[in-house]
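Following the hints, position chains R and V with the ligands against chain D.
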Amino acid sequence: MLEVSGITRVFGGVTALEDVSFTIRQGAITGVIGPNGAGKTTLFNIITGIYSRTSGRVLLEDRDITGLPPERLAHLGMVRTFQNIELFGTMSVLENVMVGLHTKSSSGLLACSLKMPWSIAEERCIRKTATKWLEFTGIGELAGDTAGNLSFGKGRLLEIARALAVEPRIILMDEPAAGLNSQETLGLAHLIGKIRQMGVTVVLVEHDMELVMDVCDRIVVLNLGKKLAEGTPREIQENREVIAAYLGDE
Amino acid sequence: MKVREFLCKKRKTMQFEQILQYTFSGLSTGAIYALIGIGFSIIFTATGIINFAQGEFVMLGGMLTLFFLEVLKLPLWAAIPSAVAVSALAGLLFERLAIRPLRQPTPLNLVIVTIAGSILIRGLAMLLWGKDTHAIPPFTGDEPISIAGATILPQHIWILAITLLIIAVNKFFFYHTISGKAMRACSYNRRAAGLVGIDVHRMVLFSFVISSVLGSLAGIIVAPLTMTAYDVGIMLGLKGFCAAIIGGMSSGMATVVGGLILGVLESLGAGLISSGYKDAIAFIILLLILFIRPQGLFGKAESERV
Amino acid sequence: MKRELLKFLLFAVLILVAPLAFKGGYLLNVLVFVGINTMLAVALNLLLGYAGQISLGHAGFFGIGAYLSGVLTATCGWNPWLAMPFAALAVGILAGLIGFPILKLKGHYLAMATLGLGIIIYIVFNETVDLTGGPSGLSGIPNFAVGSLVFDSDIKNYYLVWTFTLAVVLFSVNLAGSRVGRALRAVHDSEVAARVMGVNVRLLKVQVFALSAVICSLAGSLYAHTMTFISPVSFGFNFSVELLTMVVIGGLGSVYGSFLGAALLTLLPELLRGAQDYDIVIYGGLLMVMVMFVPGGLVRGIPDLFRRMARLREDAGNA
Ligand SMILES: Nc1ncnc2c1ncn2[C@@H]1O[C@H](COP(=O)(O)OP(=O)(O)O)[C@@H](O)[C@H]1O
Ligand SMILES: [Mg+2]
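Residue numbers (this note's numbering), protein chains in the order written: chain D, 2 to 251; chain R, 4 to 309; chain V, 30 to 348.
Same shape as in the complex, but just chain D:
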């Protein structure tokens, strides 16, 4: 489904990623783990077209998507969430998800400002679908709240609801459990399971090992910008190099 090959990124003198390659299977949940500064977020930023790469290629279902901007990728079915939550803070929770339906609607500037009948109908449809996604993630009762006032945990859920509204085929989540309490983390694990059941491929950057080992089918380990190991959760848990990297770092 997603193939990353030979990705290298250099910032000034720092090599944040060096020749990283791996493949992600359709419908799987893949974890990307590694100590802080390993280059996980940078990897996501390159895959989702937010940063440029120094070299390497990214393929989405055999299509070369290297360097495509995020808005194009959204149309191709790839979305992500952010490590430092990026909500539309001044807008309501519902409106946040409605923006997620941007690619699913088409009324242009003129149709919208002239209130053409089809744009009114479309708007109604957007509202209904957005409500559905809020309920799917379990924050339906917050629809009218201002997104900027949400708690951390609810904010993370809203980011996921908004991403799902794009109806992606693959979703990349950057540390979705960071800042959540154990109850919320449990809910998140459940939600990730539900997302997989819809047939969406999930890529997960996460520090919560319990969560990762629990939900992931495969795991890629990064350390100091290089791929250290790749395998099933069990293989990773037994991998000496991985253990050494984590012990050495913590």
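Don't take each hint at face value.
Said to hold, decoys possible - Each computed BS3-like pair below joins lysine-lysine, with the alpha-carbon atoms no more than 27 Å apart:
(1) D:195 x D:227
(2) V:31 x D:133
(3) D:195 x D:129
(4) D:155 x D:195
(5) D:105 x D:195
(6) D:116 x V:31
(7) V:36 x D:129
(8) D:129 x D:105
(9) V:31 x D:129
(10) D:105 x D:116
(11) R:174 x R:184
(12) R:134 x R:281
(13) D:155 x D:129
(14) D:105 x V:36
(15) D:116 x V:36
(16) D:105 x D:155
(17) V:36 x V:185
(18) D:133 x D:155
Said to hold, decoys possible - Each pair of labels, with its calculated beta carbon distance range:
(19) V:345 x D:38: 53 to 63 Å
(20) V:50 x R:73: 48 to 58 Å
(21) R:138 x V:335: 48 to 58 Å
(22) D:179 x V:231: 44 to 54 Å
Hints were generated in silico from the structure; no laboratory data involved. C-beta atoms are modelled at their ideal positions from N, C-alpha and C, and glycine is treated no differently.
Okay, now just chains R and V with the ligands, sitting in the frame of chain D:
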């Protein structure tokens, strides 16, 4: 045949002299732009703010000197430092009363506050000193000096000399004094500077004071050439900003070079193409640089973090 | 949805009956300008308040609209009704073209670039003397006319201008509550997240920039044909700042706020007639006070004030 050749040659030398003349006067206005531009850069590197009121300190320099000369009848050597001191005070008050208390210091609000400050300063100057244009006497006479067929005024030399001096002092301050080094530390990384015990607020205040001093000095040395009035700050400020942009918002040589390039191009353009479009030239250069090399002529591009 | 429509109808009725209160009188003339300035402020607000992109050059687009209309009618003999859409189209294309490079810039840089653009336009007005009459202005611009009805009095122009203004207000209110308006606000809050959601941010910014410029151009044409005389000073940097002040004072991201700001700033100089030279100081002071103490603008500041007063009264009652 002979006559034609002669005329041709004469035209050529005339053109050369003209170009030399324009270059000289361009260099001296360019030096002014450079000083103002450095003022912009100092505040920008310390705070990330583009101070739209920068030009008003240039105006204050000229108008205050005039005030001390004409109203208080001070001699020039006393009027200049007094004007600089009052401008510095104005810069200090501006930071304390308008910038620091801002509750939501978003880029937009900062743009608006500094614009509001500039309107306010300009308006007060108009109420105090009226709308007339005034001349300040040149520092040392106005007997033109002839160099290679072009003539320059003593004031041109003053401008270049004082600019060089100020740049040297500036460099010394930033690289060889504790305060200057602290300010540089702030501009690299504010958080880290705060952690090692540098008073970041104080450095921000300093940056406003220093750039109002630079601005007012620029206004003082240029006033004998171009006259001064309550509203000269707008254009001079914007040109200084252009210089800073060409220099990539550095507070060093790059901005000086930026100012000189701007001054010379403007002067040549005005002389050889059309004087009416003189001001437009600076802004066309500004737009081109922003479009093509927003990091300045000499800078390297940087990527932004998510 | 229904509430928005009701609000608009109320506003429209208010505007329609307003002239009855000022039978004749020169204040009616001022109200014509309130209409034009409201259009301009709403236009700038679409860009600044919704999309979060500043422009300090909007007076330039206003000016191009006015001059194109003026020159095409007064010099080339076109019908004003033809000149107006032509000017708007030309300005739209110009803004679209310049929008791509200029809107790549952000924050302070965008402010400076648009400012530079505005000044270049202003200089061109002054220097193309053959075309525009230069600093001394262009006169003899014909009024609008429909058949034998010539819009040559304040009351006629009032209704003409406000018809356009109300249309622009309705248009903008609709836009704000729609898919595109949401995308604009999303860009304002988090550009990167908006892109990840599939919003083509660059195109959207250019679109709204061009739209905003087109509205300014329409306002410029209205200005030219109601004033019948134009000169560059009306379209300089100071006026761009005045527009910015209107939008900020009224409230960023509020269409009716822009009306409040425009009305206040247009009426203020008239009320301060005695203190003419003070107006620039008052502008500056007002702008500064608003940004520092009421960053939400009048539309949010006034209800806030009432709420606070009510709370005070309650506290006093309890004590
Ligand atoms: N925009 C950037 N500019 C410079 N260096 C960066 C940038 N983004 C990330 N880095 C560097 O790249 C390395 C990897 O960072 P990151 O991808 O955020 O790690 P992780 O998400 O695994 O904690 C770090 O050394 C970081 O400092
Ligand atoms: Mg990270």
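State the violated hints by number, sorted upward, taking the hints as numbered earlier in the document. 1, 14, 22
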